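Quick mapping for you: the protein sequence lines, in order, are chains A, B and C.
The opening residue of the first sequence carries number 1 in the working numbering; numbering runs sequentially from there.
The opening residue of the second sequence carries number 1001 in the working numbering; numbering runs sequentially from there.
The opening residue of the third sequence carries number 2001 in the working numbering; numbering runs sequentially from there.
Please keep in mind that the hints were generated in silico from the structure rather than gathered at the bench.
Bear in mind the structure is a predicted one, so any value in this text is a computation, not a measurement.
Beta carbons: idealized from backbone N, C-alpha and C, even for Gly.
Hints may contain errors.
What the hints assert, rightly or not - Computed cross-link-like contacts, SDA-like style, restricted to lysine to any residue with a CA-CA straight-line distance of at most 25 Å:
(1) 2049/C - 2517/C
(2) 157/A - 1048/B
(3) 157/A - 1034/B
(4) 157/A - 1058/B
As the list claims (entries may be wrong) - Partial chain C-side listing against chain A, Cβ under 10 Å, derived:
(5) 2173
(6) 2309
(7) 2337
(8) 2338
(9) 2579
The primary structure of each chain is shown beneath.
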Amino acid sequence: MSSPFRNSFLPRALPSLHAGRGRGWVRLSKRRFASLAHPPLAPPLQGGGFIALAFLLALAGCDREQRDMNGQPKAETAAFVPRGDPRSAEYENNAFHIAQGQKWFGWFNCSGCHFHGGGGMGPPLMDDQWRYGGRMEDIVASILYGRPNGMPDWRNKITEQQAWELAAYVKSLSAHPRQDALSARADEMSNTEPQTLQERQKVVPETKAQPSGEEN
Amino acid sequence: MRRRGASLMLLPLLALAGCGGIQTIGGREGREAALIDDLFTLFCIVTGLFFAAVMAFLFAAYWRRGGHRADRMPDEGATAPRDRGLRIALFAWTAAVIGGLMGLAVASFLTDRSLAYSTAAGRPVVSIELIGNQWWWEARYHFPDPSQNFRTANEIHLPTGSAAMITLKANDVIHSFWVPNLAGKQDLIPGRVTDIVLTPTKVGRYRAQCAEYCGLQHAHMALDVTVDTPADYARWLAAQTRPAAAPTTPQAIAGYRFFMTRQCSACHAVAGTPAGAGVGPDLTHLMSRRTIAAGTLPNGTGPLHAWIADPQGVKPGANMPYIGLDADELHNVVAYLETLK
Amino acid sequence: MTVLSGRDLPRDGEDLQGAALHGRLERTWGDAPGLWGWLTTTDHKRIGKRYIVTALVFLMLGGLLALAMRLQLARPESGLISPDRYNQLFTMHGTTMMFLFAVPVMEAMAIYLVPLMIGTRNISFPRLNAFSYYMYLAGGTLLWVAFVLNIGPDAGWFAYVPLSGPEFSPGKRTDIWAQMITFTEVAALAVAVELVATILKQRAPGMTLARMPLFVWGVLVTAFMVIFSMPSVALASGMLIADRLVGTQFYNQYEHGDPLLWQHLFWFFGHPEVYIIFVPGAGFVSQITETFCRRPVFAYPAMVLALVTIGLLAFGVWVHHMFATGLPRMGYSFYTAATMAVAIPSGIQIFCWIATIWDGRPRFQVPLLYVVAFIVTFVIGGLSGVMQASVPIDLQVHDTYFIVAHFHYVLIGGAVFPLLGAITYWFPKITGRMMGEGLGKTSFWMIFLGFQVAFFPMHLLGMWGMPRRVYTYPTGMGWDEMNMLATLGSFVVALAVLLFVVNAVHSLLRGAVAGPNPWDAPTLEWATPSPPPQYNFAHIPVVASRTPLWDNRHHLPVVTGLRVDDRELLLTTVMEARPDLREASPLPSIWPLWAAISTTCLFISSIFTPWAVLVGAFPVAAALTAWFWPKSPPSPEPVIE
């Protein structure tokens, strides 16, 4: 990894990855090589850039025949919300915010993928498996900045407050919320038990290893 | 002319009636309201007579005591003969009460029947689906050709002289639809479909307000009702059916971009643009409406600025969130909204 | 004199009367001194007084909420109170007035007065009575503590689903409201059962049903209405709690529940509730009118039949609260007819009271003034009620300020005015001192006129289209002046109530000392000293007419032979009130208090976890076991000669 490469390339290709940590950089850039070779990215590459491109193509070639049977999303350190955000305590376990989040959950069609928390096209939200971390800050980051394999980024589509309220609601689906702030269930059709009664059993551990970049 | 039904009872206070008259049950601007107002007047007269009778008896009883003030007990057995007259009076009074009530009940029943027959009389010309939300109204106009259907918010237009069938649904909690100048009220109940027929007879602008407590902003859930001549109504329909015109000024174009890419389009729809979300009011012809935020503010540049800049300050608890636009963005968005004529 | 039995046990009678009898009865019926006695008492008068004072405190609190609301509504677009707080205010106002003031105060007056009026030593099931009071106190406290903590309910006192349901009322606000219903439910049902048993079995010998004072008739009808209507709201609120806390779907329309189910169940209780409040008020009016007109109430049988008729009709009118919900139109006609029919017995009663004034020798002292205010106000409220019985008219005025005006005319006119009259009337009996007449008249006129100023404009506001339960209203609707007027009136009323309280406190300390019968009233409660001794009557009186104290001015016949070494009551037959049995009355006990505390813990913690119902049942069972544990062998001789 040469530093000019990093400076000229990555910020353009992945503008949201502004705050990754060292290990993440390596992993990320490795994964993205194939896509970085696409023509739209070529014009800025002048002179030395051309050599870099050749180098890149060569490296990409190494992965070309890789058949990724895994198909699992990759844990990434995307843009994140720093831990210890004061809003975390403010929104989590707050009955009103949870109820508001429940409303946004329906309005912004979260249920289109996650259904009523049981998961469908998107991962379930009422178990205790978190791909990108289960703290309020992590959930807000997932909502605002999106995640690979389908989770769109909602920044500028909803307000930050709505994101925090959504996170509070999502959090209340999986953890035992405080009883005095227990989320109300939505009055809607559900084939599952109402959320308030649902036994919060652990999901049977998957046989596949959890996704991680190191496997690549 | 507006007749105040209870004029008999309320004469002395009528002088104070400085009422605008756009939301009053004595309005008589619809066939249904006029029928009910007639009945109301009848009830006021009859109950007023009964009230006068009771008060007369009470005053008579009060003044009569002067005659035998003696502070002694009635003699044993002396009450019986005196009772006879009162006993006859009691029977007469009871008969009068029963008779009066039966008359009123019959009158009420007949009025109710004629209200119900307006539903049955022929196919209503106008068919509107009105949906109650916390805390605004969505109106959907339906036509035989579904491509003509359109949505609007917090207003309905009706033509004079024809019955309008309003189908009522609720999205969240119970609301109640009430245009006092035109007719009585009808609840909107989640999980049920109710309806009401309005037959406006007079051109004018009326105000409807949610009449069932529906939560935080129940007070700010009004509906602007415009009754037009059939020709005006047809013009309005034609205008509403058109999609929004494309913005032309640079500022409006910037506002358009902002609207389409930012929070606005997550909830609002503008026909003819990519914005198609259904959870907030449809803004396609926003500037043809007289009020915004369900009757909370008059429509116009200033109120639009105020509303978009700080919705929670204007209508605390409303579902329109605070977005935090900077001044340029705010001006641009309002400039765009002002093109939605 | 009739002597029931002559054995060796000490009994009242010719051998034991006067001061000696008083000493024996004091020892037998007295409570332990101090706090312990206060907590363990089973005396209907002590508990009744507590009940009355607590209910009046809730009246003041509810009134303060009303003032806050009137301040907010005095001006259009006022920003004095936030919508969230306002919604809590009107919910708390309605809930406090209906559940914590009106019904309890009527039952409280009955707890105090009925045993005295029918000539018995104590109410039946006196420990249940104590338990009832503690439950009521706990329920009211729960609600008000929640309100102070800003988690007061905000879904209206009628709590319509789905607004009060799990989706639209987040947090614990509505759960607290619904659980408060459970508390008052238990309390009200307990009192109703006691009153029915007391009235039917403990009347003085000779007091046949046809000789009962009209207030006692009113209480009897009310108690039956409580027994038949309260289970409906218990069911409704229980299902609401279940929907909210354990995930049932009774009211969830998406899962084939029905929001209208709530309205049916609630109003099946809610309308009789209004008559539960009014019928005892009518009883007060009858007693006061009788005493101050110095003539038995005209057409007693018609009055009794009217009360019973109202009690029956009350259960056939609930749908008139639901005329706008779109139920089948023809079915509504039945409820129109039934609602209008209520005007017939009410009209008969009004006529009979005025006829009593007409034919009597009225002394217009404060209690009778309240009766006149009651007649004027209640007739207006009743006639506007007739208007709303009509479906088309109701479709216009439903949920407007017209309705607000109507039910305040009916409830304040029909229950609070008589109550204030009744407090003035029975104040000497309860405290031994007269209430001041001058201050009493001043506060009467202020309340009466202030009330009209506060509430009459609301009729107009409703006709001009102002809906209920709005925290503010726009300018230019023509509502400004009337709202300002209503606010001014409400403050006059508040000032007058303050005067009433000042008068009561002053009279309590400095009032003229009252004899046993200061008003020269005809009913039995005036046959005993003021305030009555703990055992109520030294000898149980015998009754031969509806107005025993007028007919036997100097020598009230009595029945003797009740044991004085044990708390013994005389039970009589249901219809004719012939002496039937001697029955032991329970001793003071701390266990009703413990039972109430453990039940309170169960109820409150069940808001937070359903397991509380299981775990909390054990302390309740323990307390009840101790409460009912047999402590002494039963009386040796349940004999009537």
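Here is how each hint holds up against the structure:
Taken as a hint, the residue 2049/C and residue 2517/C pair is honoured in the structure, with Cα atoms around 20 Å apart against an allowance of 25 Å. For the given pair, residue 157/A sits about 61 Å from residue 1048/B by alpha-carbon distance, which is inconsistent with the 25 Å threshold. At most 25 Å may separate the alpha-carbon atoms for a hinted pair to count; residue 157/A and residue 1034/B exceed this at roughly 49 Å. For the suggested pair residue 157/A and residue 1058/B, the alpha carbons sit about 70 Å apart, so the restraint of at most 25 Å is broken.
The beta carbon of residue 2173/C is positioned within 10 Å of a beta carbon in chain A (closest approach about 9 Å), and the interface hint is therefore held. Interface restraint check: residue 2309/C against chain A, minimum CB-CB distance 41 Å, threshold 10 Å, status violated. Annotation: residue 2337/C was flagged as interfacial toward chain A, and the flag is violated, the nearest CB pair being 36 Å apart, outside 10 Å. Because the smallest distance between the Cβ of residue 2338/C and any Cβ of chain A comes to about 33 Å, over 10 Å, the interface hint for this residue is violated.
Contact between residue 2579/C and chain A, as hinted, is not supported at the beta carbon level, the nearest pair being about 57 Å apart and thus beyond 10 Å.
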